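Visitor: Residues per chain, in single letters:
Number of protein chains: 4
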Amino acid sequence: MDFAFDARTEELRGQLTEFMDSHIYPSEPIFEEQLEKRENPWEQPPIIDDLKQEARSRGLWNLFLPGEHGGGLTNLQYAPLAELTGRSPELAPAALNCAAPDTGNMEVLTMFGTPAQKEQWLQPLLEGEIRSAFCMTEPDVASSDASNISTRIERDGNEYVINGRKWWSSGAMSPRCKIFIVMGKTDPSSHRHRQQSMILVPRDAPGVNIKRGMHVFGYTDGSHGGHAEIEFTDVRVPVQNIISGEGDGFAIAQARLGPGRIHHAMRLIGMSERALEAMCRRVTSRVAFGKSIAEQGVVQEWIADSRIKIEQLRLLVLKTAWLMDTVGNKGAHTEIQAIKVAAPSVATWIIDRAIQAHGGGGVSQDFPVAALYAHARTLHLADGPDEVHKRSLAHRELRKYETR
Amino acid sequence: MDFAFDARTEELRGQLTEFMDSHIYPSEPIFEEQLEKRENPWEQPPIIDDLKQEARSRGLWNLFLPGEHGGGLTNLQYAPLAELTGRSPELAPAALNCAAPDTGNMEVLTMFGTPAQKEQWLQPLLEGEIRSAFCMTEPDVASSDASNISTRIERDGNEYVINGRKWWSSGAMSPRCKIFIVMGKTDPSSHRHRQQSMILVPRDAPGVNIKRGMHVFGYTDGSHGGHAEIEFTDVRVPVQNIISGEGDGFAIAQARLGPGRIHHAMRLIGMSERALEAMCRRVTSRVAFGKSIAEQGVVQEWIADSRIKIEQLRLLVLKTAWLMDTVGNKGAHTEIQAIKVAAPSVATWIIDRAIQAHGGGGVSQDFPVAALYAHARTLHLADGPDEVHKRSLAHRELRKYETR
Amino acid sequence: MDFAFDARTEELRGQLTEFMDSHIYPSEPIFEEQLEKRENPWEQPPIIDDLKQEARSRGLWNLFLPGEHGGGLTNLQYAPLAELTGRSPELAPAALNCAAPDTGNMEVLTMFGTPAQKEQWLQPLLEGEIRSAFCMTEPDVASSDASNISTRIERDGNEYVINGRKWWSSGAMSPRCKIFIVMGKTDPSSHRHRQQSMILVPRDAPGVNIKRGMHVFGYTDGSHGGHAEIEFTDVRVPVQNIISGEGDGFAIAQARLGPGRIHHAMRLIGMSERALEAMCRRVTSRVAFGKSIAEQGVVQEWIADSRIKIEQLRLLVLKTAWLMDTVGNKGAHTEIQAIKVAAPSVATWIIDRAIQAHGGGGVSQDFPVAALYAHARTLHLADGPDEVHKRSLAHRELRKYETR
Amino acid sequence: MDFAFDARTEELRGQLTEFMDSHIYPSEPIFEEQLEKRENPWEQPPIIDDLKQEARSRGLWNLFLPGEHGGGLTNLQYAPLAELTGRSPELAPAALNCAAPDTGNMEVLTMFGTPAQKEQWLQPLLEGEIRSAFCMTEPDVASSDASNISTRIERDGNEYVINGRKWWSSGAMSPRCKIFIVMGKTDPSSHRHRQQSMILVPRDAPGVNIKRGMHVFGYTDGSHGGHAEIEFTDVRVPVQNIISGEGDGFAIAQARLGPGRIHHAMRLIGMSERALEAMCRRVTSRVAFGKSIAEQGVVQEWIADSRIKIEQLRLLVLKTAWLMDTVGNKGAHTEIQAIKVAAPSVATWIIDRAIQAHGGGGVSQDFPVAALYAHARTLHLADGPDEVHKRSLAHRELRKYETR
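Residue numbers (our numbering), protein chains in the order written: chain B, 1 to 404; chain E, 1 to 404; chain H, 1 to 404; chain V, 1 to 404.
Just so you know, these hints were derived from the structure itself, not from any lab.
Be careful, since some hints might not be right.
Cut-off 20 Å, straight-line C-alpha distance, at most; resulting in silico cross-link-like pairs (EDC-like, lysine to aspartate or glutamate) [what the hints assert, rightly or not]:
no.	chain 1	residue 1	chain 2	residue 2
1	V	118	V	140
2	V	330	B	311
3	V	400	B	295
4	V	400	B	248
5	V	291	B	402
6	E	211	B	32
7	H	291	E	402
8	H	178	H	127
9	B	211	B	32
10	B	211	E	366
11	H	211	V	231
12	B	330	V	2
13	V	211	V	140
14	H	291	E	33
15	B	211	E	33
16	V	185	V	127
17	E	291	H	402
18	B	37	B	2
19	V	400	B	277
20	B	330	V	311
21	H	37	V	39
22	B	178	B	295
23	V	211	V	366
24	V	178	V	43
25	H	118	H	28
26	E	291	V	295
27	E	400	H	311
28	B	118	B	248
29	V	52	V	28
30	H	211	H	246
Here the structure is a predicted model, which is why all the values come from computation and not from measurement.
All chains, please: the whole structure from these sequences, using the hints.
Guide: Have a look at this one:
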């Protein structure tokens with residue numbers, strides 16, 4: 001057992017920290033300014049492109065992706081880098097071409113794509129030239145139960161015809177977004193886990209109607225292409241657009257989830273660290289009733305509890321990454337579910353306390369904490385509400401005792 | 001001891017419930033549509049004016065105000081009506097001319113205004129013709145400690161000259177807002193509680209610079225005039241604009257707070273009831289893993305805990321109103337602080353669970369719960385963060401034992 | 001709506017407070033000494049008899065019982081008195097002949113007993129000459145579901161024959177305990193709510209085997225007759241011992257529960273107040289790191305939160321009592337369940353914080369808080385675990401929306 | 001970074017697990033029986049001696065102690081073994097001669113003892129022939145602030161004279177306990193951290209008055225020598241009995257704490273695992289309202305949350321052990337404080353839920369959970385209340401930002 005990062009990780013952490021300090025944090029106010037000024041509410045501020053170029057020139061590019069096309073890192077090596085990017089969640093992941101949902105989509109194409117699919121869509125994604133969306137969740141059903149998903153993908157000759165309604169398709173409002181991976185039913189009569197397929201749908205295909213952007217509290221997340229509601233009406237794509245094969249949708253979704261949860265969890269830790277830092281800075285700079293707010297016992301409890309929570313959570317996420325690297329996603333199932341639940345819980349707790357420590361400014365646009373909260377809060381729901389994962393985890397725990 | 005509402009209260013509750021059912025709830029989607037379409041982001045949708053007219057014609061007008069100019073109700077009689085308006089916080093309080101901060105400002109003018117001040121400002125407020133703002137909190141200091149407030153109000157001949165910076169001046173972004181009550185220091189050398197004064201400043205006075213609207217978790221609250229940051233630079237008003245007298249600011253602020261806390265607390269209960277209702281409706285209409293979400297034990301716990309919390313909180317707020325009516329605000333000091341802390345705590349807990357029960361929709365614009373959360377969350381901070389009130393409450397509790 | 005106690009209540013509260021101050025609190029150390037010295041671990045210390053005599057002479061006797069045989073008080077009038085007795089839960093309820101389970105048993109006999117049953121058992125209970133036990137919970141089944149209860153009560157000629165095993169029969173270890181009310185199945189084939197009956201079984205009946213006393217976190221509660229495990233083997237009693245009639249057991253249990261929950265809840269409030277007082281006294285008398293513990297912000301939060309929780313809870317319990325008086329137990333069903341859950345929750349939270357504020361002494365015999373904790377903790381389980389009541393309460397809440 | 005135990009650890013875990021299964025768990029009911037029957041309430045049941053002999057014969061002896069006299073293990077290697085012993089906290093640590101406070105005392109003597117002190121006291125402790133106590137906490141002061149400790153150790157010629165009062169001297173009630181390490185002031189005028197010294201005091205020295213055993217809730221912990229209150233009145237010991245030197249008390253106390261906290265924390269994890277196992281077994285074996293309690297959603301949440309909490313906590317404790325091994329106790333200061341706070345918090349939460357899942361049995365002597373709770377609850381207080389450690393941890397966190 002060894003709790004030190006390996007040399008490659010330390011080297012990259014150093015480089016990334018340097019990049020954050022020299023480029024990311026100083027770009028945050030510029031980003032905010034450009035946000036205010038842009039005309040299309042779904043376009044990203046130009047500073048992001050500058051940061052992408054800089055990051056790429058430093059070799060901080062596609063680090064999330066194992067193998068030759070990416071950083072060639074293990075999950076355990078990438079995890080601490082994902083944490084660092086979480087400290088500036090609107091800029092850093094995009095700058096490194098490591099932003100969801102592109103990361104998951106690139107993983108899917110790397111693992112399951114045909115050579116033609118890779119050339120057409122994976123390559124420009126890896127280059128950061130286009131963005132993509134993942135169309136899974138539906139407004140009409142509890143989508144945490146994948147068998148509820150009702151979008152139809154029906155074969156008609158050499159084409160598939162897609163009909164259905166999706167929402168929370170993150171990034172899809174952006175004009176840069178060119179391709180969707182859509183989950184839907186090819187065979188409703190098949191076994192529960194073989195009904196679903198995934199298929200590539202160009203954003204500009206006839207019958208694709210991008211209806212509106214969903215809000216997260218009052219945010220549109222416009223700079224990252226928002227979260228779209230999309231209607232698919234008799235959308236036709238060639239049969240070659242199917243990913244892997246008919247009925248493989250559920251298995252692809254499972255494969256996509258593992259690394260995604262590590263990324264989300266580590267970014268949430270970075271967000272928690274950022275919030276804790278903001279809290280500490282704020283309370284040391286304000287005075288009420290004759291003493292610094294930092295001297296208030298209650299605030300000190302928040303700070304201590306924050307640190308204690310973060311240290312525990314980070315180790316669990318790193319162990320999960322290590323398990324995925326050593327015994328595979330299936331062997332890490334319990335831990336993957338545990339961090340899905342634990343990470344948003346820690347993050348929202350800490351960020352909420354940071355908001356409180358900021359006074360009125362905490363809920364406003366003047367400090368990062370309110371937006372961090374909204375972002376973290378959604379992760380209690382994204383990929384299925386916490387409760388679904390807890391129930392599944394409990395079933396596995398209980399099973400240990402049933403056979404005895 | 002008697003827990004039944006009196007006849008007058010029951011009558012008004014019936015009338016208000018009828019009005020909510022027939023006019024307020026059906027207007028909510030119209031309000032949302034008009035919001036989308038309006039040009040000035042700080043103007044209120046026209047449906048509000050229709051609702052005001054209807055409410056007034058039904059005698060549901062200025063009910064918050066005791067005495068002949070208002071509904072003539074006690075705090076205890078008005079409280080359950082405030083709860084009902086909290087069920088639709090963007091429409092109902094405004095429709096009844098019972099929205100903050102106008103309510104508090106009208107109370108101040110009723111209690112402390114000169115006949116001329118009343119004629120010029122109270123009358124149009126009572127008529128619902130204009131709106132007003134209350135400029136207290138400052139960005140540069142922890143304003144929960146009123147002695148920190150640093151805006152200067154200096155006499156110069158027959159005028160007062162005002163210099164300072166305020167934020168969270170709710171309503172001030174609206175073109176309908178015509179008058180500010182500004183808190184500031186007239187005599188920094190005086191006793192801690194005699195340094196501050198309140199003064200009337202027309203919104204269009206030279207030197208008043210309305211800089212921007214503060215956001216609340218991405219929301220601008222634009223339909224109610226937002227929350228402004230305002231700079232006062234050598235703003236001059238006649239000496240007659242002082243309220244009550246120099247040095248009375250702290251006392252007026254105290255007098256303003258009592259009823260305001262009852263109103264906020266009761267509206268938070270209404271918001272909690274609305275969220276609980278939304279949660280119940282949502283979970284009975286969705287199925288996951290083969291059964292209704294309403295059949296999940298965890299969701300049932302949330303519902304039961306919500307009901308248990310609401311019932312306790314409501315009684316404490318009503319008792320506080322009764323104490324204010326019978327022994328005065330000072331005698332109700334402990335209870336006023338208790339509800340300041342307890343009400344947002346109950347409301348944010350319930351609304352957060354309601355969000356979770358909604359799945360992804362919960363954080364979006366499609367259900368009221370996300371906006372309710374943002375609104376309720378601010379009340380952990382407005383009028384001073386919870387922690388300040390708890391500390392003061394604890395001091396009073398501890399004092400019981402110090403002398404023994 | 002009126003939050004003031006009526007004159008009779010205020011008078012009795014004054015008398016009881018005076019009795020607590022002059023007799024109960026000063027007797028607590030004597031009680032502890034006598035506990036140490038007594039030979040039979042299940043006998044009560046003699047000071048209790050002295051206190052009973054004194055209380056009775058002051059008219060503070062059987063106040064729990066409505067009607068001519070008791071104090072003639074409403075639930076709402078008795079509730080605040082029950083709270084006061086909870087401040088010294090080992091002495092005060094017994095001194096006033098208002099201790100569980102005798103109170104519930106006397107209520108049952110008053111409501112459902114035959115004249116003969118009343119003469120033989122109710123009379124000496126009312127006189128405080130004997131004590132009684134209530135044998136409901138069984139070790140072998142989840143007894144919160146009354147239909148699980150499996151003790152058999154079978155008619156054989158002019159006798160009933162009882163076979164089964166009970167535990168948590170409080171008071172039954174005491175030599176003063178003379179009579180049991182036993183719940184069991186007379187007709188397993190009947191409707192779910194008509195299978196059970198209640199029957200009177202003298203403690204010295206042949207076949208009654210009092211096996212042992214159950215512990216509560218190491219405490220035996222010996223001074224009040226402990227909590228017995230009892231085996232009934234072919235125990236025979238005359239048919240006249242049935243209470244009300246065959247099949248009435250469930251209904252009697254329901255009738256017994258309502259007032260019992262008010263009593264428990266109000267005593268828990270008294271226990272909470274005692275713990276809060278102990279916490280305040282302790283923290284004002286200790287110094288660490290250069291300042292009084294009372295000056296620590298965290299401790300102040302505990303104190304404020306305690307006060308805020310108590311005030312809300314008390315009002316809900318009083319309202320529940322008022323509902324029982326005005327619309328009956330059935331109309332107060334939701335509230336009765338709410339206080340069943342809320343009261344132990346508030347009490348264990350406050351007492352736990354009081355323990356923490358005491359340092360090491362908090363868990364010891366030197367301060368009342370550890371024993372208060374153990375007592376309060378059991379009430380999350382007694383009369384069914386909280387979760388059962390929450391589920392039932394949630395079902396009622398959800399039902400409001402099902403029909404719409 | 002590597003999350004696998006090394007080979008030596010795995011080997012010992014296997015051996016210890018085998019010993020737990022074959023000897024410890026089967027001895028638990030025997031232990032309970034012998035407890036009931038023994039005459040001296042402060043003597044340990046004879047089964048412990050049998051287990052010690054067996055454990056020693058298997059090489060499972062003094063594993064806590066680094067170096068040649070003990071198991072020669074690192075903190076990281078011993079930690080998972082301490083966890084296993086925590087699963088049966090009354091038997092396993094004692095059986096392995098790894099029970100507090102002997103462990104800490106043996107560490108102190110190993111590190112700071114003179115050859116004579118080692119021969120006289122360390123040797124028989126290592127042999128498991130005698131037991132020892134650590135007399136630090138005092139009833140009259142908040143002992144978390146070591147500078148409050150007021151016991152005097154005054155030199156008088158070739159002797160030290162000790163006067164003072166201690167409590168919570170665990171183990172000191174036992175007739176097997178032969179030696180105390182006493183903390184007291186040798187020089188009140190010295191620097192805050194140089195006033196205190198530690199000295200060896202035989203339990204049978206004249207002037208040592210062992211007054212009574214402190215209770216923990218209702219438990220006496222008699223089988224392990226209880227927790228004594230001790231009066232020292234003019235107790236004289238030779239000057240050779242001082243440990244290390246005058247003024248070294250504070251430094252020795254610090255050195256003693258580090259490993260002790262690892263041990264406590266890991267045992268708490270073992271206790272948590274035991275409670276979780278008990279909860280799972282109980283809920284799968286009981287039925288209420290027509291389904292197994294294990295199928296209740298709320299219980300599943302408890303189980304999932306328990307597992308999620310344990311996994312995080314364990315990693316933090318292991319990392320702390322690793323830090324102590326690699327950078328020393330000082331470098332692990334933050335983590336040592338974090339686990340001091342986190343471990344009891346996780347344990348009491350889980351055990352409390354396990355109690356609830358057991359129904360009435362949960363608070364009784366029939367299941368291990370009530371005793372586990374009492375034990376775990378004390379660790380929120382032992383070695384200083386959580387709040388003291390949180391404050392110190394927060395200060396260190398805040399210091400990061402003060403200099404920037």
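Visitor: With reference to the structure, classify each hint as holding or not holding.
Guide: Status of each hint after checking the structure:
1. Taken as a hint, the residue 118 of chain V and residue 140 of chain V pair is broken in the structure, with Cα atoms around 32 Å apart against an allowance of 20 Å.
2. Our distance criterion of 20 Å between C-alpha atoms is met by residue 330 of chain V and residue 311 of chain B, whose separation comes to about 17 Å.
3. Distance restraint check for residue 400 of chain V and residue 295 of chain B: the Cα-Cα separation of roughly 15 Å lies within the 20 Å cut-off, and the hinted pair is therefore satisfied.
4. Proposed proximity of residue 400 of chain V and residue 248 of chain B is contradicted: the alpha carbons are some 51 Å apart, above 20 Å.
5. About 15 Å separates the Cα atoms of residue 291 of chain V and residue 402 of chain B, which keeps this hinted pair within 20 Å; it holds.
6. A C-alpha spacing of about 17 Å is found between residue 211 of chain E and residue 32 of chain B, which places the hinted pair at or below 20 Å, so the restraint holds.
7. A C-alpha spacing of about 15 Å is found between residue 291 of chain H and residue 402 of chain E, which places the hinted pair at or below 20 Å, so the restraint holds.
8. Simply put, residue 178 of chain H and residue 127 of chain H have alpha-carbon atoms about 14 Å apart, close enough for the 20 Å limit, and the pair holds.
9. Taken as a hint, the residue 211 of chain B and residue 32 of chain B pair is broken in the structure, with Cα atoms around 26 Å apart against an allowance of 20 Å.
10. Simply put, residue 211 of chain B and residue 366 of chain E have alpha-carbon atoms about 14 Å apart, close enough for the 20 Å limit, and the pair holds.
11. For the hint pairing residue 211 of chain H with residue 231 of chain V, the CA-to-CA distance comes to about 41 Å; that exceeds 20 Å, so the pair is violated.
12. Distance restraint check for residue 330 of chain B and residue 2 of chain V: the Cα-Cα separation of roughly 19 Å lies within the 20 Å cut-off, and the hinted pair is therefore satisfied.
13. Note on residue 211 of chain V and residue 140 of chain V: the hinted pairing holds, with a Cα-Cα distance of about 15 Å set against a maximum of 20 Å.
14. For a cut-off of 20 Å, the pair hint linking residue 291 of chain H to residue 33 of chain E is broken: about 59 Å separates their Cα positions.
15. Using a Cα cut-off of 20 Å, the hinted pair residue 211 of chain B and residue 33 of chain E holds, with the two alpha carbons roughly 15 Å apart.
16. Annotation: proposed proximity of residue 185 of chain V to residue 127 of chain V is violated, straight-line Cα distance about 31 Å (limit 20 Å).
17. Proposed proximity of residue 291 of chain E and residue 402 of chain H is supported: the alpha carbons are some 15 Å apart, at most 20 Å.
18. At roughly 49 Å between alpha-carbon atoms, residue 37 of chain B and residue 2 of chain B are farther apart than 20 Å, so this suggested pair is violated.
19. With a CA separation close to 9 Å, the supplied pair residue 400 of chain V and residue 277 of chain B stays within the 20 Å bound.
20. Proposed proximity of residue 330 of chain B and residue 311 of chain V is supported: the alpha carbons are some 18 Å apart, at most 20 Å.
21. In summary, the hint linking residue 37 of chain H to residue 39 of chain V is supported, as the alpha carbons are separated by about 18 Å, within the 20 Å threshold.
22. A distance of roughly 52 Å separates the Cα atoms of residue 178 of chain B and residue 295 of chain B; the hinted pair therefore is violated under the 20 Å criterion.
23. Between residue 211 of chain V and residue 366 of chain V, the direct Cα distance comes to roughly 31 Å. Violation of the 20 Å bound is thereby established for this hinted pair.
24. With a C-alpha separation of about 13 Å, the suggested pair residue 178 of chain V and residue 43 of chain V falls inside the 20 Å cut-off, and the hint holds.
25. Between residue 118 of chain H and residue 28 of chain H the CA atoms are separated by roughly 34 Å; this puts the pair beyond 20 Å, and the hint is violated.
26. In summary, the hint linking residue 291 of chain E to residue 295 of chain V is supported, as the alpha carbons are separated by about 13 Å, within the 20 Å threshold.
27. Restraint check: the Cα-Cα separation between residue 400 of chain E and residue 311 of chain H comes to about 16 Å, which is no more than 20 Å; the hinted pair holds.
28. For the hint pairing residue 118 of chain B with residue 248 of chain B, the CA-to-CA distance comes to about 18 Å; that is within 20 Å, so the pair holds.
29. Between residue 52 of chain V and residue 28 of chain V the alpha-carbon distance is near 14 Å, which keeps this suggested pair within the 20 Å criterion.
30. Restraint check for residue 211 of chain H and residue 246 of chain H: not satisfied, since their Cα atoms lie roughly 28 Å apart, outside the 20 Å limit.
Hints 1, 4, 9, 11, 14, 16, 18, 22, 23, 25 and 30, counting from the list given before, are not met by this structure.
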